[in-house]
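Asker: Between the sequences and the hints, there should be enough to build the whole structure, so can you do that?
What follows is the residue order along each chain.
2 protein chains.
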Amino acid sequence: MTHKTDIEIARAASKRPILEIGDMLGIGADDLLPYGHDKAKVSQAFIDSTKSKPNGKLILVTAINPTPAGEGKTTTTVGLGDGLNAIGKKAMICIREASLGPNFGMKGGAAGGGYAQVVPMEEMNLHFTGDFHAITSAHSLLSAMIDNHVYWGNELDIDIRRVVWRRVVDMNDRALRQITASLGGVANGFPREAGFDITVASEVMACLCLATDLKDLERRLGNMIVAYRRDRTPVFARDIKADGAMTVLLKDAMQPNLVQTLENNPAFVHGGPFANIAHGCNSVIATTTALKLADYVVTEAGFGADLGAEKFMNIKCRKAGIAPDCVVLVATVRAMKMNGGIAKADLGDENVDAVKAGCANLGRHIGNVKSFGVPVVVAINHFTGDSDAEVQAVKDYVVSQGSEAIVSRHWADGSKGSADLATRVAEIADSGVSNFAPLYPDEMPLFQKMETIAKRIYHADEVLADAKIRNQLKDWEEQGYGHLPVCMAKTQYSFSTDPTLRGAPTGHSVPVREVRLSAGAGFVVAVCGDIMTMPGLPRVPSAENIRLNDAGEVEGLF
Amino acid sequence: MTHKTDIEIARAASKRPILEIGDMLGIGADDLLPYGHDKAKVSQAFIDSTKSKPNGKLILVTAINPTPAGEGKTTTTVGLGDGLNAIGKKAMICIREASLGPNFGMKGGAAGGGYAQVVPMEEMNLHFTGDFHAITSAHSLLSAMIDNHVYWGNELDIDIRRVVWRRVVDMNDRALRQITASLGGVANGFPREAGFDITVASEVMACLCLATDLKDLERRLGNMIVAYRRDRTPVFARDIKADGAMTVLLKDAMQPNLVQTLENNPAFVHGGPFANIAHGCNSVIATTTALKLADYVVTEAGFGADLGAEKFMNIKCRKAGIAPDCVVLVATVRAMKMNGGIAKADLGDENVDAVKAGCANLGRHIGNVKSFGVPVVVAINHFTGDSDAEVQAVKDYVVSQGSEAIVSRHWADGSKGSADLATRVAEIADSGVSNFAPLYPDEMPLFQKMETIAKRIYHADEVLADAKIRNQLKDWEEQGYGHLPVCMAKTQYSFSTDPTLRGAPTGHSVPVREVRLSAGAGFVVAVCGDIMTMPGLPRVPSAENIRLNDAGEVEGLF
Chain R
20 MTHKTDIEIA RAASKRPILE IGDMLGIGAD DLLPYGHDKA KVSQAFIDST
70 KSKPNGKLIL VTAINPTPAG EGKTTTTVGL GDGLNAIGKK AMICIREASL
120 GPNFGMKGGA AGGGYAQVVP MEEMNLHFTG DFHAITSAHS LLSAMIDNHV
170 YWGNELDIDI RRVVWRRVVD MNDRALRQIT ASLGGVANGF PREAGFDITV
220 ASEVMACLCL ATDLKDLERR LGNMIVAYRR DRTPVFARDI KADGAMTVLL
270 KDAMQPNLVQ TLENNPAFVH GGPFANIAHG CNSVIATTTA LKLADYVVTE
320 AGFGADLGAE KFMNIKCRKA GIAPDCVVLV ATVRAMKMNG GIAKADLGDE
370 NVDAVKAGCA NLGRHIGNVK SFGVPVVVAI NHFTGDSDAE VQAVKDYVVS
420 QGSEAIVSRH WADGSKGSAD LATRVAEIAD SGVSNFAPLY PDEMPLFQKM
470 ETIAKRIYHA DEVLADAKIR NQLKDWEEQG YGHLPVCMAK TQYSFSTDPT
520 LRGAPTGHSV PVREVRLSAG AGFVVAVCGD IMTMPGLPRV PSAENIRLND
570 AGEVEGLF
Chain S
20 MTHKTDIEIA RAASKRPILE IGDMLGIGAD DLLPYGHDKA KVSQAFIDST
70 KSKPNGKLIL VTAINPTPAG EGKTTTTVGL GDGLNAIGKK AMICIREASL
120 GPNFGMKGGA AGGGYAQVVP MEEMNLHFTG DFHAITSAHS LLSAMIDNHV
170 YWGNELDIDI RRVVWRRVVD MNDRALRQIT ASLGGVANGF PREAGFDITV
220 ASEVMACLCL ATDLKDLERR LGNMIVAYRR DRTPVFARDI KADGAMTVLL
270 KDAMQPNLVQ TLENNPAFVH GGPFANIAHG CNSVIATTTA LKLADYVVTE
320 AGFGADLGAE KFMNIKCRKA GIAPDCVVLV ATVRAMKMNG GIAKADLGDE
370 NVDAVKAGCA NLGRHIGNVK SFGVPVVVAI NHFTGDSDAE VQAVKDYVVS
420 QGSEAIVSRH WADGSKGSAD LATRVAEIAD SGVSNFAPLY PDEMPLFQKM
470 ETIAKRIYHA DEVLADAKIR NQLKDWEEQG YGHLPVCMAK TQYSFSTDPT
520 LRGAPTGHSV PVREVRLSAG AGFVVAVCGD IMTMPGLPRV PSAENIRLND
570 AGEVEGLF
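Protein sequence lines, in the order shown, are assigned to chains R and S. Here the first sequence is numbered in the working numbering, starting from 20 and rising by one per residue. Here the second sequence is numbered in the working numbering, starting from 20 and rising by one per residue.
No false leads were mixed into what you were given.
Computed from the model, here is a short list of chain R residues facing chain S with C-beta under 7 Å:
hint : residue
1    : G55
2    : M190
3    : G208
4    : T266
Just so you know, the hints here were simulated from the structure itself, not pulled from any lab data. C-beta: ideal position from N, C-alpha, C; glycine also.
Answerer: Spelled out as structure tokens, the structure:
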């Protein structure tokens, strides 16, 4: 047992040169573009050279609905990856990149925790390899070109009241949520209402994360709708002729970033779309490349399984032509207790009854994942204070649901702690029992897709939407967008749209307030609640305490 | 002779691995942070380890007032650096980084041209090592923290009408020049007028380029004035507590970027402040580090010598405690002809009289540079069509001004073409004749500093400024800013404030429209004319034709 913090553990890591990590995967020095000594991008030429190789097994790590107790989904992803390598399997990890801006509001996060982390932790919370800056640049170029087009005569006849392309910045800046732009007279254009989102909410991010290569990226970028005319016909990014230059700005950002775990196993950290208005998974190119390089690829999806796993299956897997061989559902005794009604302050006290009462949330996720035809294992991410009786209560419950639960102690013990989990996951993945199918076919009408998710995943009674929204969906179907999957934007804290409703609610309604078409990324967003696409800073932002100390180390970021 | 374009030459370069270039300078692999195989940052530890070494000789390359004919200042800087290495001297080049945004309006520029270039050219016109993105991030963080401070109660009593800290983006986006921010109700803050500049105009950029190390950078950032209270007292970035986190965001950007010339000689490309509202030179840390690593350091300053060299001497040298050993003043036969009244279309025709008539501009710059106590050599950057008689006319004129002119053919012939220039420059630099002194002492009142520059460099009769401006300067003197140098923001095309007035005008007045205090960077800006800090895109932006071709090469950027 140790009492070191995540950052202390990360700083004490014995990192191997990234060229050696690449070498483990068969990537030669010429095909690795280093960023410092511990990060590198993999060349497109190398990626192309792997196309004919067979795929490894794909393992998705997802979780129950998040609680303030913390579930440790990324920690388990990393721990499982290390565990697989430790039992002699060739495994890789694929996770998302962190957004820079929010770290200056609340403290930044580790990629994992304890002895299951990906490093270099500080850089992954700062500029990393510049991918998000490239996305901001590409997005900003399109923004500038739209208003420039209007300025120089508006040949495309854009209705400036219907410009749907907002600007972005990778910073929590509430003052930019809603602005009036182009003020100051003739030289500055035509005044109009506008606003900024945070970079991770950009459709450019979603396009990059779903694109299979740079050609596909360019096509997706060109297909993005930026505005409408008075007659409601859409204006695309390709009409603005921004798609080529945006692709040039994104050519390096499109390449997966190779880093390593504390145990020197390879990890791709690449892409980071929002998990509500977008699909919340790392990039397709990272995952599909990893499947060529390793026998087992462990990846994760945002939030709980109702949002993250559902989108992983229905959007990412569908679009990328991949399928999970095993799903690991992360749960903790503490989170079960919170779902069972215990307050955060009281989580230290043993309470087997509360654990049992809180298991309903876990049970529903198990059933949901199985409904995709995929085998599921519950990983009980072990905390120091968990009692044996509490752990047993979770195990028993999971068995009663026709599944199995395995305790994993990767946080405290690294791969030694996750060996049992790794062994069982590898067995299941190798068994070939997975028979994956998405929840709905492409041909299903858009509204019915929303209903399918709401009823089968959220266990709601109905989806509510007014005529305007239903008509909008019909219009899109007529325009040829009916085959797209839907991307649900709702609270991550509940199966319902009420964040305070824990457990496994039934009988609720899912109101769709707004629908948005991400025609480049390739999905229709159903907004079911307040979705904040530009966070603000708290009263005392963490930035106030972030500084370099005399040793040149970053203080206050974690 | 060749007819290859700059980009064709650059792509055909035989680059050496950047680790080898570092090795030439005695920088070990551990002290070089690679960005790909052809760019690297130099560690602070290595820079610190060089402090006790003697300085090499410093050579400033400057030019006549720019004309549409092009002078080739950077080309000459690179050619001279290669020439010095070719004649057996150990030389380094220090130039500025390019801004990303403007390349999507007009085509991007090479760093040099012909056979005198720094590579990798494409990356230097795109994200390079991310320095400017880091500056944008640091700037944006402060912007967000200012409005956030007001939002949460405005303890510092900021007058929101007097927030002088504008936002920035590295994109030509005229729609953001003037905006109303914080609209949309209580949750988004207090509506106020605001606006964006392009990133290179950020005071953060000027601070980074003048800072001697990260501690000094943090101090400068903290000293920046972001707003005023109703009682007109300033609010500093340190009051907002943003200086520490901004320094963390800039810790890598502060390290010089090592690249190479076509002839595999080392070059630092680092920093790029505006040459009007800022001082227009590459970073102090790059120049002072290069002086420890090489016997000769060739650097340049923005625009013509009236702006660039003046600021190099009066701001950069003064602040960094360095002094040029020789100044190279770049002129071309074509530019002399344009100054002599010939239109661009007719520059191909031999016209010795026009060359002679146009030499007055050159003559004044020679005299100005000498007034700093520094020896000056004129480099005639040779163009293919220059006739011998025209070249001789320039040479004769320069001799009549008590200086000497040397023809340099680095564009066509690389270091072979610049050997004569390099030999002579090395002789002068080694001779110790330089007796540098800035034009005015720190103690001189601010307005008198402006008058000194206007009269001695621009040869104007007077500086005009209304009482409001003079009072503002007096207020700043009372607040302790009187010792700062002044930074003149005027047109680069003329000694006067009228861009159409070529040659060597006299009898003109210099109207100061506005003064700005860059308290962090450490200068007072005198705005003498329309200074655009946020460019717009042209009717047909170059972005429309930028794309990746099937070979994965960037097309349309150059």
